[in-house]
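The two chains are supplied separately, each in an independent frame; assemble them into the complex guided by the hints.
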Amino acid sequence: MSVHVKYFASLRQQLGVESVELAHRRDMTVADVWQAVSRQPPPCNLLCACNLQYTDFKQAVADGDEVAFFPPVTGG
Amino acid sequence: MRIEICRQPFAPWRELSQHQDQHLAAGSFGACAALVGSMRDFNCGEAVTRMTLEHYAGMTERQLRQLAEQAMHQYALLDVLLLHRIGELRPSEPIVLVAAWAAHRAAAFNACRDMMESLKSRATFWKKESVASGERWVQANTPG
Numbered sequence: 017m018s019v020h021v022k023y024f025a026s027l028r029q030q031l032g033v034e035s036v037e038l039a040h041r042r043d044m045t046v047a048d049v050w051q052a053v054s055r056q057p058p059p060c061n062l063l064c065a066c067n068l069q070y071t072d073f074k075q076a077v078a079d080g081d082e083v084a085f086f087p088p089v090t091g092g
Numbered sequence: 031m032r033i034e035i036c037r038q039p040f041a042p043w044r045e046l047s048q049h050q051d052q053h054l055a056a057g058s059f060g061a062c063a064a065l066v067g068s069m070r071d072f073n074c075g076e077a078v079t080r081m082t083l084e085h086y087a088g089m090t091e092r093q094l095r096q097l098a099e100q101a102m103h104q105y106a107l108l109d110v111l112l113l114h115r116i117g118e119l120r121p122s123e124p125i126v127l128v129a130a131w132a133a134h135r136a137a138a139f140n141a142c143r144d145m146m147e148s149l150k151s152r153a154t155f156w157k158k159e160s161v162a163s164g165e166r167w168v169q170a171n172t173p174g
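For the protein sequence lines, the chains are F and S, in the order given. Counting in the working numbering, the first sequence tops out at residue 92, every number present. Counting in the working numbering, the second sequence tops out at residue 174, every number present.
Think of the hints as simulated: they come from the structure by calculation, not from any bench. Glycine is no exception: its CB is placed at the ideal position from the N, C-alpha and C atoms. Mixed in with the good hints there might be a few duds.
If you want a taste of the chain S side facing chain F, the calculated C-beta under 8 angstroms gives, among others [what the hints assert, rightly or not]:
1. 44
2. 86
3. 114
4. 125
5. 150
Next up, chain S with everything else stripped away, as it sits in the complex (with noise of 0.2 angstroms):
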């Protein structure tokens, strides 16, 4: 299992590619569900150019752990790769990884979901947008 939160841009398929050839025994899985997120350019009918994203250093660590590991246990999994940036961002750069490896694909499926639905309801991490007015919060997350 890998956690990480990356203040530089990531490159998420190299990483799951990575993960994948150094950490998990060929054969020994039969599905690999990923989620990438990545900044879109626009927002609330604005275009975005920038943005920001801040966590709460210590507690951020703790809820990402916790939640994979409880996808781990509720789902049987063989592996975990959790990436997620902070700092400043631009349109396209990946924004969040979330890879789960399993012996089915049901199991995979769903504990990526979980973990990404997870994440965005409760992970404390934060965005400013830069529009062309200025710059804004995001206020909520768009439904899943």
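Extracted from the complex, chain F is given alone in its bound form (with noise of 0.2 angstroms):
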């Protein structure tokens, strides 16, 4: 009964953690995930996906989803 909440790039280097395992709760959103694993808010910039896929903050979190946050992309 878990959330899997992994970071990429800059911002993984930040938190020091490449991925977490969050309790999920009932009508929890993306929102709800990053103040739960981060408890600031989300900067300006920050990118989040949910299960492999964008999505935004409010995008509704069922468990066993993979969810991402991530800076900018710079590919190519």
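This is the structure:
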């Protein structure tokens, strides 16, 4: 009964951890996940994904979902 | 269609030539447009000696496949080849190869550009550079 939370790039480096498991709660959103794991407002350029797709902070999170947070992308 | 994330250096022009020889019938296409992005030894006014590229395994592969499929459909392409490096790179090494084959040049040009811009703005890769003062994450891509 948990949500898998992943971090990438500079965010992972700042937090010093690649991933955490978070207990799932009813009516949980991506914003709730961020608040629970970071205890601070999201940086203005923070991006998020749920189950390998971009999403927004209002997205509902289900038990077993994978939620990721990361800075702007810089590939190519 | 071939989409691949490469952990080791690749030779883009050899990959392009081999893909064309093996997967496209002679005479079936009128145009191939390709973009090879490679690592510079400078950025933001500083010399860059090394770069590390990381990605979101699973999500990135899905994104690359989706943007290639979108271009195949939108431009009626005959084929797409898309390779992207991850790991540690040195200056001059190729980072990305995007190639589109089509009956006519407009479709090939436009598809190649669209796929590249979509990759740059959406695909989950991140660059970290080594400069004289240490390491730094690249904050944003330069405008196309």
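Quick rundown of the hints versus the structure:
1. With a least beta-carbon distance of about 20 angstroms to chain F, the hint placing residue 44 (chain S) at the interface is violated under the 8 angstroms criterion.
2. For residue 86 (chain S), the suggested interface contact is upheld, since its CB lies about 6 angstroms from the closest CB of chain F, less than 8 angstroms.
3. Interface restraint check for residue 114 (chain S): the shortest CB-CB distance to chain F comes to about 7 angstroms, inside 8 angstroms, so the restraint holds.
4. Nearest Cβ of chain F to the Cβ of residue 125 (chain S): about 7 angstroms, under the 8 angstroms cut. The hint holds.
5. For residue 150 (chain S), the interface hint holds, the least distance from its beta-carbon to any beta-carbon of chain F being 4 angstroms, beneath 8 angstroms.
The structure fails hint 1 only (numbered hints given earlier).
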